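Enquirer: Top to bottom, those sequences are chains A and B.
Heads up: the first sequence begins at -14 in our numbering, then just goes up one per residue.
Heads up: the second sequence begins at 944 in our numbering, then just goes up one per residue.
No lab work stands behind these hints: they were computed from the structure.
It should be emphasised that the depicted structure is a prediction, and the values quoted were computed from it without experimental measurement.
A few of these clues could be false.
Unchecked claim - Quick list of simulated restraints, FRET-style, between CB atoms:
1) A:D151 - B:V1056: 53 to 63 Å
2) A:W197 - B:G1076: 39 to 49 Å
3) A:L323 - B:I1351: 28 to 38 Å
4) A:E291 - B:F1347: 41 to 51 Å
5) B:L1344 - A:V393: 33 to 43 Å
6) A:V48 - B:H1117: 44 to 54 Å
7) B:T1328 - A:W197: 24 to 34 Å
8) B:M1321 - A:S302: 54 to 64 Å
9) A:N355 - B:M1321: 20 to 30 Å
10) A:G337 - B:L1230: 17 to 27 Å
11) B:V1056 - A:V85: 36 to 46 Å
Glycine included, C-beta positions come from ideal geometry on N, C-alpha and C.
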Amino acid sequence: MLWNTRRHNLWIMLELVVITIVSWAIIDPLFVLKYNQSIPGGYDADGLYRLELVRNLTDTISVPLRDYERIMEELRNYRDIESATCVLRGAYPSSPGNNVSFVYKDTMKVPMSYIPFFPHSSFFQTWRFCSAKDGTWETLENTKFTSGTILMTEDAAKLLSNNKGDLVGKRVYGPDSAEMRVVGLVKPVKMRNSMQPYLIRFVPWLDKMPDWAFKHSVRIFFRTKSGVSEKHFMEEFMPWIDDHLVSGSLVFSKLAPFHLVQSESDIQEGVTNEIRMKYVLAYFFIINLLLAVSGTFWFHTRTRREEIGIRLSYGASPRGIYWMLIREAFVMTTVAVLIGCFLYFQWAYFEGLYKLNDNIPGNDNLYITNYFFYHFIIVTFIVYVLMLIVTWLGVYIPAHTISRISPVEILKDE
Amino acid sequence: MIKKYLGQAIHLLRQNPLFSTFYIVATGLAISMVMILVIIYYIKIADIYPEIYRTRMAIAPTAHMQDIKDHSLNNTWRYSSDFIRKCFSSLKGTEAVSAVKDAESWLVKVNGVKRPFSVWVKATDPEFWKIFGFSFVQGKPFTDADFQSGMHVAVVSEDMARRIFGEIEIVGRHMELNYVDYRVCGVVKSPSYVTKVSYAEVWLPYSSIPSYTIQGASDGDILGPFQAVFLLPSALNIREVRAGVDEYVRKFNEQNQDGSFLLMHGQPYLYWKTLFYTEDMKDLDFLKIFKQIGLWLCMLLLVPALNLSGMISSCMEHRLPEMGVRKAFGATGKQLFSQIMWENLLLTCFGGVLGLLLSFGIILFAKDWLLTILDGGMQSLSDLTQMSLTADMLFSPILFLVTFMVCIVLNVCSALIPAYVTLKKEIVYSLNKQK
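Extracted from the complex, chain B is given alone in its bound form (with noise of 0.2 Å):
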C-alpha cells in the first residue's frame, strides 16, 4: 500500500513542477538551517581529534571568589596551578587531571628571518597527553621528569614544524619562542580550531615558564590562569567528583574567615555543559538555557511549517474532488489521511536530503566564521589558524538519523492540520467542488 502512495506521490510530483519545487526548496531551506545548527553542535560535543574521550571528559573553568563580608565585591579568573594540584588532582574517580592554559599568541623566530611571526602557544603538564589523543607522527610528549626539571621543551604541530622549519623530522632541533631557546620533543599531527580546549600550535610544559608557577597569583592562591580538565572512567563518575571538590572546598572556605570564598557553581562540568557557560559568577541554568536554543528551534521549523502548511492547504483545495470521489468508493478517513501523510513525507525527504547537502556547502564554504558563530566573544584569529573540518565530522549516522527525524517532525507539523481539515469535509461538499 505505502507503494501504492509513493507512486502516486512521484506522479503527483510530476504533475505539479511548480508546486513540488516551492515545497522542495522550502522545506531544504528550513532543514538547511536546523541541520547547520546540528551539526555545529555536534562537532562541539562529539569525540574529534585530538579530543577523543570528550564524552568523559569535565572541565572546571573559571574560579569565583566573593568576599565574606561584601559580598558585592567578587573576583573570577581561573585557578593556579597550585590549587589545581591541591584540589583535584588528588580526587578519586579520575583517570588524570590537567592544568590547561588558554592558547595565546607568542613569537617565534625562524633562522634567517629577522621579523618573528606569532604562533598559538599552550602551555599545560604532562597529564595533558593522557586526556587528549594526540597523535604524534614524531618524537614523544614531555615527560613527567621534563616538568618537574622546567625543561625549555615544545611539543609542534606538523603544520608549525613546516612552517618554522620547512620539514617534521624536527626532533632535537632549537627554536626561539619569545627570544627563550626551546628543544623541540615531538610533533603531533595538526588539530583543528574546532576542538578549542587542546587547540594550539606550539604545547609546552608551564613549568617552563617562571610567572605560571608563582604561588598564588592573588586571593588565597586560587586565581590563576590555568583551567582544570579531567578525564574520567566514565561520564558518571563526574558525580563523585563533584562531591570530592566541594567537600575539599568547603574546608578550605571554613578556614579562610577572614577573606573570600570560593563559590564552584557545580563544577567541574561535564564537556557538553561547559559550551553553555557565559557566566563566571552563576550557576548554569539549563532551564533558561534550553528555553532560548528551544524557541529558536521552534521559530526555525514553525515558520518553513507554517509556509509548508499553506502550500499544502492550497493544494488540498484542488484535491478535494479526488478525495469526495474516493470516500464516496469507501476510502476510510484513515487511509487517505495515511496517504496524504506518505506522499508529503517523500517530498519532505527529497527536502531533506537537499537540505543535509546545502547545509554541508554552507558549512565547508564559511567554516572560517560559521564554526564559532555560537562562541559569543572570543578571541580574534590569525588567517593561518586552522579550523579544518575532517570527514568525521560531517558524515555521522547520528547526523543523517537527525536529519530524517527533523524531516518527521516537519512533515507532522506542516501536513497534520491541512490533511485534517480536508478530509473532515463531507463527500457531497467534496464532489460539488469539481467544476
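Okay, chain A solo, but in the shape it has when bound (with noise of 0.2 Å):
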C-alpha cells in the first residue's frame, strides 16, 4: 500500500529522514549531559552552603588567621550547623577552574586532580565525601594523615593498578617524582555537575592556615543539620552575618547553598546554554514534524475517502481503519529512521560521538557514552521512540476524523 503511494509519501518521508539526522544532532549532546547529571556526585549537595568572605585591606589591626579561626568557632556552634571547613586553592566540586597533574605507578600515567584538604577539620564530614571500603565518610574522617600521604578515589586507583584496584598501602609518584602513599580509597567525585567523575587525589595539608590563603578570600563550606530547610535557614542566618561578618579583617561577601553554586558552575561551563539551546531545536523539530505528518495526513485521508467508505462498508471496522492508518505512519517513520541513522552513523564514526570535554582526567571506561556503539544504539532508540510519539501525535486527529465517517455519506459524495 505505501509503495503504491510513495509519490505521494516523497516529502514527508525526505523530511522524516531530514528530521532524524537532526534529532540525532540534538538528542545525542542531551543524553551525553543528563547522563552524566545522573551519575552520583560523590558528595551530599542537599544541605550544603558556600560561605565566601573577603579580605578588608582597610583593616590593618586584625590578624586574619585570628579571625578567621573565631569565624570557624562560631560557624560550628551556630544552632542549625552540623560542621564547617574550608577549602584551599579554590579546588572544591563545582568550582571555576582546574588543576591537572600527573601521577604514576610503574608504567602508568595518570592524569589527576587535586583537592587539599585540612585532616580532622570535618572536611569529609561537612562534604560526605564516603570511604570505597565502607561507604562512610566517618572512616576517612578518622584516618591518620602524616606527611606524603593521599587519599585517592576509587576510578584513578584502578586506572592506576591497571585495573587491579588495590593500591591502599601502596606507593605512587606525583609530580616532580615526590613519593606519596595511599592510605584509603574515596567513592568517584564529580568535580562539574554535567560531567563524569574526575580521577582525583586528596592531600592533607598538614600546616595550619597558610597565610596566602587570606590574600583574596576565604571559601568556607558548611553543612546543616538534618531537617532544616533553606528557606528557614537563610532567613535567620543573614541577621547573623550582619553581626559576626561584616568587620575584621575577613568580612561577608557571597553565600549560597550548594545547588546554586552547581547551577553556576554549569553556566560558566556552558553547559546550560548548551542544554536550552539543544531543547529550543528540539521543540522547533517536532513541531515541525507534527505539522507536516498532520497535513499530509490529512490531504491523504481525503484523498482515500472513496477507499476507506469502500472498506467500511465492506465490513472494516472504525478501529481497524484507525490502525491501518497509524500502521501506516509507523512504517514510515521506521523506514525513514533507520536510513536517517545509517547516514548519521557515517558521520559520527569518523567525527565521533558528542563529549562535552575532551580535556577531563577521568576513567573512561567506566562510564557507557564513552563507548560508541551502546552509545549509538542508546540515542537511535530514543530518537526512534520520540520520532514515533510524535508521528502518532501528527496522525491521530486525521485518522480519528476519517475513520468515523459513514460510508453511506463518503461514498455519496465520491
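Bring the two chains, given one by one in their own frames, into a single complex with the hints.
Expert: Now the structure itself:
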C-alpha cells in the first residue's frame, strides 16, 4: 500500500529522514549531559552551603588567621549548623578553574586533579565524601594522615593499578617524583555537575592555614543539621551575618546553597546554554514534524475517502481503519529512522559522538557514553521512540476523523 | 496581472482555511526561529547604546604565550596594562585605545545597611569614554589627571545610583567599594548586559587598584587582566593597525629568545569577529564557523521547506484539473508557474509577519536567557543584571529586510519543485484527474 502511494509520501519521507538526522544531532548532547548529571556526585549537596569571605584591606589591625579561627568556631557552634570546613586553593567540586597533574605508578601515568584538605577538620563530614571501603565518611575523617600520605578516588586507583584497584598502602609518585603513599580510597567524585567524575587525589595539609590563603578570599563550606529547611535557614542566618561578619579582616561577601553553586558552574562551563539551545531546537523540529505529518495525512485521508468508504461498507471497523493508518505512519517512520541513523552513523564514525570536554582527567572505561556502540544504540532508540510518538500525535486526528465517517456519506459524495 | 494572482490567492485562502492555517503557522514558526537567530546576532553586532561605534571598533581579547623550546607549554590570559600602553596605544590608524578589564563582582556598602551587596565593577582608563558613547546624566567621566594620580573616583549607572543612594544627583558623594572609599564623579544612563564589552554598574580607573598596575603579571610583562579595545577612524584601518601590531610583536619575539614568544593569531579583530572567538590558542577559522552556522540555518529553513513542499504538493494534486483547463485555453507554463509562486509568496508573507511578531514576543518574554544563549560559557548573572531591550534593537529596517528575504528564500525553496512537477504534466493527464 505504501509503495503504491510512494509519490504522495515522498515529501513526508524526506522530512522524516532529515528530522531523524537533526534529532540525532540534538538528542545526542542532551543524552550525554543528562547521563552525566545522573551519575552520583560523590558528595551530598543537600544542606551544603558555600560562604565566601573577602579580605578587608582597610583593617590593618586584626590578624586574618585569628579572625578565621573565630569565624570557624562561631559557625560550628551555630545552632543549625552541623559542621564547617574550609577549602584551599579554590579546589572543590563545581569550583571555577582546574588543576591537573600526573601521578605515576610503574608504567602507568594518569592525569589527576588535586584537592588539598585539612585533616580532622570535618572536611569529609561536611562534604560527605565517602570511603570506597565501607561507604561512610567517618572512616575518612578518622584516617591518620602523615606527611606524604594521600587519599585517592576509586576510579583513579583502578586506572593506576591496571584495574586491580588494590592501591591502599602502596606508593605512587607525583610531579617532580614526589613519593606518596595511598592510605585510603574515596568513592568517585564529580568536579563538574555535568561531567563524568574526575580522577582525584586528596592531599592533607598538615600545617595551619597559610597566610597566602587570606590574600583575596576565603571559601568556607558548612552543612546544616538534618531537617533544617533552606528558606528558614537563610532567613535566620543572614541577620547573624550582619552581626558577626561585617567587620574585621575577613568580611562577608557571598552565601549560596550548594545547588546554586552547581548552577553557576554549569553556566560557566556552557552546559546550561547548550541544554537550552538543544531544547529550543528540539521543540522547533518536533513541532515542524507534527505539522508536516498532520498536514500530509489530512490531505491523504481526503484523497482516500472512497477507499475508506468501501472498506467500511465491506465490514472494516473504524478501529481497524484507524490502526491501518497509524501502522502506515509507523512503517514510514521506521524506514525513515533507519535511513537517517545510517546516514548519521557515517558522519559519527569519523567525527565521534558528543563529548562535553575532551580534556577531563577521567576513567573513560566506566561510563556507557564512552563506548561508541552502546552510545549509538541508545540514542538511536531514543530518537526512534520520539519520532514514533510525534508521528502518532500527528496522525491521530486525521485517522480518528476519517475512521468515524459514515460509509454512506463517503460513497454518496464519491 | 499580479493583482489578479493575489486576489485569487486570497480567495483560495478562504476556500481552504485549514490548509492555509497549517501553511501560515508552519511558515511563521520557521521564520520566527531564523529571525530569533538574526535578532540575537544583530543585537550583538549593531551600533547600540553605549557601544554606538561597533562598526569601527576592534578588540584584542587574549594573549597567548608559547614556550620557545617546548611548544606544548602554553599560557593564555589577557594583556597587562603595561603591554597595552607600549604596543597598542602608540599605533598609527587608531583614534583611541583603552585597557578594559572584565566586569567583576565587588561589594558596596550602603549607609544604614550593615550587609554589603554585590555590584558589577569594570576597571578601565580615560580612553574608555572616547570609545563608548555613554550618556552622562550627571557629572562627567574621570579624567586623565584622575587616572594618573590613581584617584579613587567612580562613574555609576543610573540604576545603581538609585539603589545605593536613592537618587541620581550624587556627584561628589562617597561610597565604599570593597571597603575602600570612592567619590562619585559621574552618573550614566544604564546600559544593557547585551553590550557586554562595556557593561558594568560602576566604572573605576584601574590605577586606583594597586594590584592591576603591577608591571607584568607574568610572562615577560605581557599577560595581565585587560583586553585592548580600539576605536578606528573606519573599519578599513584595521589592516594598518594589525600591521603595526605584527611588527611590534615580531621585534618583541626576536629580543625574547630564551623564554616564551607571543602569538597574536590575527588580533586585533574587528568587533563582529570577536563573537566567534572561542579558542585562545588558535586562529579564527571562519570557514569552520560559517559552515557550522550555515548548516544550522540550512536545517532551520530546509525542514520547514520540506514540510511546506509536502503541503503544496498535496494541494497542487487537487488543482491539477484547474491547471489542465487553463493550459487547454492557452495559459503558458511560465504564467501558471508565476501565479503559483505569487500565491505562495502571499501566504509566506503572512507567515513572515506572524513569525516576526512571534520572534519579538519570544525575545521579550525570554530575554534573560535567550540573548546570551549563543555565548557558550559565561559568568553567572545576578537577578539585578539589566538585560533590557530597546526599540532600536528590535525595530530596525535591516531586520525587516532580512525577514522579507527569508520569506522569499523559503517561498522559492518550498514551492519551486512542487510547482515545476505539477506544471510538467500534460493537459490530457491533468484533465483526466478531474472526477
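Enquirer: Now look at each hint and say whether the structure bears it out.
Expert: Here is how each hint holds up against the structure:
no., hint, result
1, A:D151 - B:V1056: 53 to 63 Å, "holds (58 Å)"
2, A:W197 - B:G1076: 39 to 49 Å, "holds (42 Å)"
3, A:L323 - B:I1351: 28 to 38 Å, "holds (35 Å)"
4, A:E291 - B:F1347: 41 to 51 Å, "holds (43 Å)"
5, B:L1344 - A:V393: 33 to 43 Å, "violated (55 Å)"
6, A:V48 - B:H1117: 44 to 54 Å, "violated (28 Å)"
7, B:T1328 - A:W197: 24 to 34 Å, "holds (32 Å)"
8, B:M1321 - A:S302: 54 to 64 Å, "holds (58 Å)"
9, A:N355 - B:M1321: 20 to 30 Å, "holds (28 Å)"
10, A:G337 - B:L1230: 17 to 27 Å, "holds (20 Å)"
11, B:V1056 - A:V85: 36 to 46 Å, "holds (42 Å)"
Consistency with the previously given hints fails for numbers 5, 6, ordered from lowest to highest.
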